[in-house]
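Protein chains in written order, with my numbering: chain A, 3 to 252; chain B, -2 to 290; chain C, 429 to 756.
To be clear, the hints were calculated from the coordinates, so they are not data collected in a lab. Not one of these hints is a red herring.
Partial selection, computed: residues in chain C whose CB lies under 8 Å from chain B:
| # | residue |
| --- | --- |
| 1 | G535 |
| 2 | L548 |
| 3 | L555 |
| 4 | E674 |
| 5 | L716 |
| 6 | G717 |
Covered stretches of chain C (chain B as the covering partner; in silico rule of three or more C-beta atoms under 8 Å from a C-beta of chain B):
| # | segment |
| --- | --- |
| 7 | 527 to 533 |
| 8 | 539 to 546 |
Note that the coordinates shown come from a computational prediction; the quantities given were computed from them, not determined experimentally. A virtual CB, placed ideally from N, CA and C, is assigned to each residue, including glycine.
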Amino acid sequence: MVEALLDVRNLTKRYGDFHALNDVTMKVEKGSVHGVIGPNGAGKTTFFHCIAGTTPSSDGEIVFEGRNIEGLPQHDRPGLGIGRSFQVNSLFPDLPVIENLRLASQALEPIHGFIFWRAVVHKDIDQRRAESVLHRLGLDGEEQTLVRALSHGQQRLLEVGMALMAQPHLILLDEPTSGMGVDDVPKMINLIKGLREECTILLIEHNIRLVSEVCDTVTVLQAGAVIAQGTPEHISQDEHVKSAYLGEEL
Amino acid sequence: MRVRGSFLMSLYLFQTLNGLGLGLIYFLMGLGLTIIFGMMNFVNFAHGVFYAAGAFICYQFIAWTGMFWVGLFAGPIVVGLLALILERFLIRRLYASDHAVQILVTIGLMLILRESILLIWGTVPKNVSPPEILSGVLLIGDFAYPKYRLFIIGVTIVASLGVWLLLERTRFGMTVRAGSENPIMVSMLGVNTSKLFAATFALGVTLAGLAGGLMAPIRGASAFMGAEALGIAFVVVVIGGMGSFVGALAGGLIVGLVQSFTSGFWPEGTNVMIYSVMALIIMLRPNGLFGRS
Amino acid sequence: MSTSVPFRVHIAASVIIAAALPFLVPSTVLATEILIFGMAVIGCNLLLGYTGLLSFGQALFFGAGAYIASLTAIHWEIGLIPVLLLTILAGAILAAIVGYLAIRRQGIYFVMLTLAFGQLGYYIAFLAEEITGGEDGLLDVPRPPLELPLLPDMTFANDASFYGLTAVIFVLCFLMMQRLVDSPLGSVLKAIRQNEKRAEAIGYQVRLYKIAVFAFSGAITALAGGLYAMMLNFAPLSNIDIETSEQILFMAVLGGLGSLYGSVIGAGVFLVASDFFSELWPRWMLLLGLFLVVVMMFAPGGLWHGLVVGFERLRGRHKTSTEENDHG
Ligand SMILES: Nc1ncnc2c1ncn2[C@@H]1O[C@H](COP(=O)(O)OP(=O)(O)OP(=O)(O)O)[C@@H](O)[C@H]1O
Ligand SMILES: [Mg+2]
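Isolated chain A (complex conformation):
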């Protein structure tokens, strides 16, 4: 039995009477690429919000590396090794690309953020790490470009880069290819494939080709509940899943 990096037990998230997540239980194995799929509004993003602490969960446990992180504030979670990207680009549009990344690295030592008596140092560890991630994203040469001037595809890559700066043990990628042009998608796929060497990946994706190509395990959510779990091949045969996706391509 491989050790579970993330162990979610009976996770429930209510908005008023509405259950966005209903009693979700799943294990994410260390070193695996774990896909989360499901129709629109299934609760996938909400699930990520709960793990990352963006919204408090209503009930249940989130055990990460053996520790229940339920209730821990969002800003403490990157430091534990949880990085996340957002479904809709959420960057610092008027700061240069490199500064976006550098800030995400600096955040791991919160006290550094209170240094006010000297300029940002261009040779320190945060800067070096930002540069190496920038290179990895294939954004060399864009260091000083303001994020708002990047193409959508480049911003999608930077989204993932921001999550990577947390030096994550677990990275949560929320539809990384959404809205990307066909030319850019392969870059993202390569980037994700390259990540599996260093961290566990939890991936929300509508792009089924990507899911079956990179995921070891897939969990299917529908209406806030897990309706199927297994290997991509297994899932593609599952009747429940077919009916959940009826009308949507699979």
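With chain A fixed as given, assemble chains B and C with the ligands onto it according to the hints.
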């Protein structure tokens, strides 16, 4: 002992009625602010100056006609018309803007209107006297209470009921309420939003004008009365929670009662007390008494 | 990010501003006032332009600074530096408390709370007549002498010497604040303004940073208030009223947010204009209101942004977004 007891009783009654009257006026102010914000997500920092304008227009019409009633009607109506014009040419361009932009533009508007008031009516505050039948006191047994203050309570209750019926029982009101909760949905329902927004803005401002007109016989009309009223209106919505009728009512009454009871033992300290109560409520309930988080 | 501008350029620029100003405006007193309000506007800009916090309570810090400096200067003979340090410290603490309370609410409620705390401060100052002089203000505020080791004591009785003092303090403050906005902290503040959610998500406890920036803002604004009282030899109640808050905010927007030079330009243009127009027409604030509406509707970047864009057009390399001007 008995005499002292009944004296205290009537003192409390006196202060409760005072607080009720003030509170209802503040409620009108807060309600105006809150429906404009709720519907258009628009922050109106000129709200206080419309209150002052209401008082001056009331004064002016009384000076022209010699009739208080004309002034009391003209105040809110003229201010409401002014609001319609401003909405048409300025305010509606700002609905999509940042709150900071809205605030700064309405401060500019506030300066323009305040200085215009000073230009027209001069720097000396104006006195407004209540009509003959509302001056003096009403005696109930041995309890005496100024008639005009009772009148304020009556008018504000009627006005609040009117607004409540308007919001709860008419199509217009239903759309305003729906809009306060979900503006996008209303525009999707195919409602003519530009007219609806104009009407909402005018309604909110009219309420401020009415509050100013009603206050004129008590506090007079001064160009600078708007700043204090704006501060109080903010306290009302911060306490009650923005976008809530009941919240504005509760906020208004709390502020009014705190003010009138404080004036009983510490007349200079009323404002300090109001703002302290607000700070306390914020500490205990960050979203206000009736606010959604 | 203005890391591309070397710090020595800022040193030179601020020294030139301070040295040239008395020759550019009609009087030394006006020049003093511009530098003092320049500092207060920088305090406002830190909150609004860099962090995205619209504070309507700046007069609270300005007025409190005026009272603290006046009271310590009147009652204790401790010299200039301790008086100003106490003023700065008190401003920082007061602002941290107000910030802590106000940021419990977001958005428009936050703005209203800052206004409400400002009003609370005003009414307290109004009531505490024994301490603040109430409506009459505090009279006969001295300018304490500067006692430095190895040097003779310096006094600032005349306008020119007080300008000199203000200029030195201004340059020091300006450079410190320029350092701050280019520092790791400054970068976090910009990040918070641009995308608070992401800042929190990557690990910053946004609340603490907001309280910190309030403290800095309160410190420099209180210092400005203290100097202003010394300049006037008087601490009027109007220092702490809502109009002062509005004026500081107005100057910040006029000059342009997100640049400290903009703040100084805003203060300069506002004070020179008000000096000029208030003589001509007592209702000149009407023009001010019109001006504010026009600026906000048509040139929301403020004067500094206009200057930068104009300058770059001249050099033929106009970009829509300059690094100096990351207002949004
Ligand atoms: N703040 C909120 N308040 C109320 N309901 C919410 C809130 N956030 C999300 N929901 C609801 O929760 C449900 C799940 O939303 P979620 O964003 O998690 O779906 P998703 O699976 O990520 O969908 P998509 O594929 O479209 O991204 C939706 O019905 C949504 O409307
Ligand atoms: Mg989603």
